[in-house]
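Asks: Sequence:
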Amino acid sequence: MYSTVKRLRRRGERIGDREIGADSGIVGHLTIVLIENVPVMKLHGAGDDAVQKPLLPLMWRAKVVMIRGDKMLFQGFERVGNQDDPDSPVVKQEWAVQVMADQPAELARSSHRPPS
1 MYSTVKRLRR RGERIGDREI GADSGIVGHL TIVLIENVPV MKLHGAGDDA VQKPLLPLMW
61 RAKVVMIRGD KMLFQGFERV GNQDDPDSPV VKQEWAVQVM ADQPAELARS SHRPPS
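When we follow this note's numbering, the leftmost residue of the sequence shown carries the number 1, and every step to the right adds one.
No lab work stands behind these hints: they were computed from the structure.
Don't take each hint at face value.
Stated by the list, open to error - DSSO-like, lysine-lysine: derived pairs with alpha carbons at most 27 Å apart:
1) Lys-6 / Lys-92
2) Lys-63 / Lys-53
3) Lys-53 / Lys-42
4) Lys-53 / Lys-92
5) Lys-53 / Lys-71
6) Lys-92 / Lys-63
7) Lys-6 / Lys-71
8) Lys-53 / Lys-6
9) Lys-42 / Lys-92
10) Lys-42 / Lys-63
11) Lys-63 / Lys-6
12) Lys-42 / Lys-71
13) Lys-92 / Lys-71
14) Lys-42 / Lys-6
Generate coordinates for the entire structure from the input sequences, incorporating the hints supplied.
Replies: Next comes the structure, spelled out in structure tokens:
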């Protein structure tokens, strides 16, 4: 899903409403996969469908807790430190997601789509 994402927590603590409101968010594609039956959500750069390098730390045990129009709230956990170490400590995380109807035209013409 092509979306704008705002992180609502820093080191597990909720960020203030004023700071959240001033944050323009990060634009990219959201992907959710199961890793050993655990839902993991990733935000990666638009047009980065092959490598999918994360723009934010992965959200483990991601679950949607609210949907309203084009906005969603996800809750889960992110690893602190080494993102590849399953023994790294985790903290609570929340993402406010706004789904964008259209992606930029240059992305819509990526290689996985037939030329128009």
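Asks: Hints first: check each against the structure and report whether it holds.
Replies: Each hint, compared with the structure:
1. A C-alpha spacing of about 14 Å is found between Lys-6 and Lys-92, which places the hinted pair at or below 27 Å, so the restraint holds.
2. With a C-alpha separation of about 21 Å, the suggested pair Lys-63 and Lys-53 falls inside the 27 Å cut-off, and the hint holds.
3. Pair hint Lys-53 plus Lys-42 holds up; C-alpha atoms about 9 Å apart against a cutoff of 27 Å.
4. Annotation: proposed proximity of Lys-53 to Lys-92 holds, straight-line Cα distance about 22 Å (limit 27 Å).
5. The straight-line distance between the Cα atoms of Lys-53 and Lys-71 is roughly 24 Å, inside the 27 Å bound, and the hint therefore holds.
6. At most 27 Å may separate the alpha-carbon atoms for a hinted pair to count; Lys-92 and Lys-63 meet this at roughly 12 Å.
7. Under the criterion of a C-alpha separation no larger than 27 Å, the hint pairing Lys-6 with Lys-71 is consistent with the structure, at around 11 Å.
8. Under the criterion of a C-alpha separation no larger than 27 Å, the hint pairing Lys-53 with Lys-6 is consistent with the structure, at around 18 Å.
9. With a C-alpha separation of about 15 Å, the suggested pairing of Lys-42 with Lys-92 holds against the 27 Å cut-off.
10. Between Lys-42 and Lys-63 the alpha-carbon distance is near 12 Å, which keeps this suggested pair within the 27 Å criterion.
11. Taking the CA atoms of Lys-63 and Lys-6, the gap is about 16 Å. The hint holds against a cut of 27 Å.
12. Distance hint between Lys-42 and Lys-71 is fulfilled; the C-alpha atoms sit about 17 Å from each other, no more than 27 Å.
13. Between the alpha carbons of Lys-92 and Lys-71 the distance comes to roughly 20 Å, so the proposed pair stays at or under 27 Å and holds.
14. Only pairs whose Cα atoms come within 27 Å are accepted, and Lys-42 paired with Lys-6 is accepted, the gap being roughly 13 Å.
Going through the hint list in order, the structure satisfies each hint without exception.
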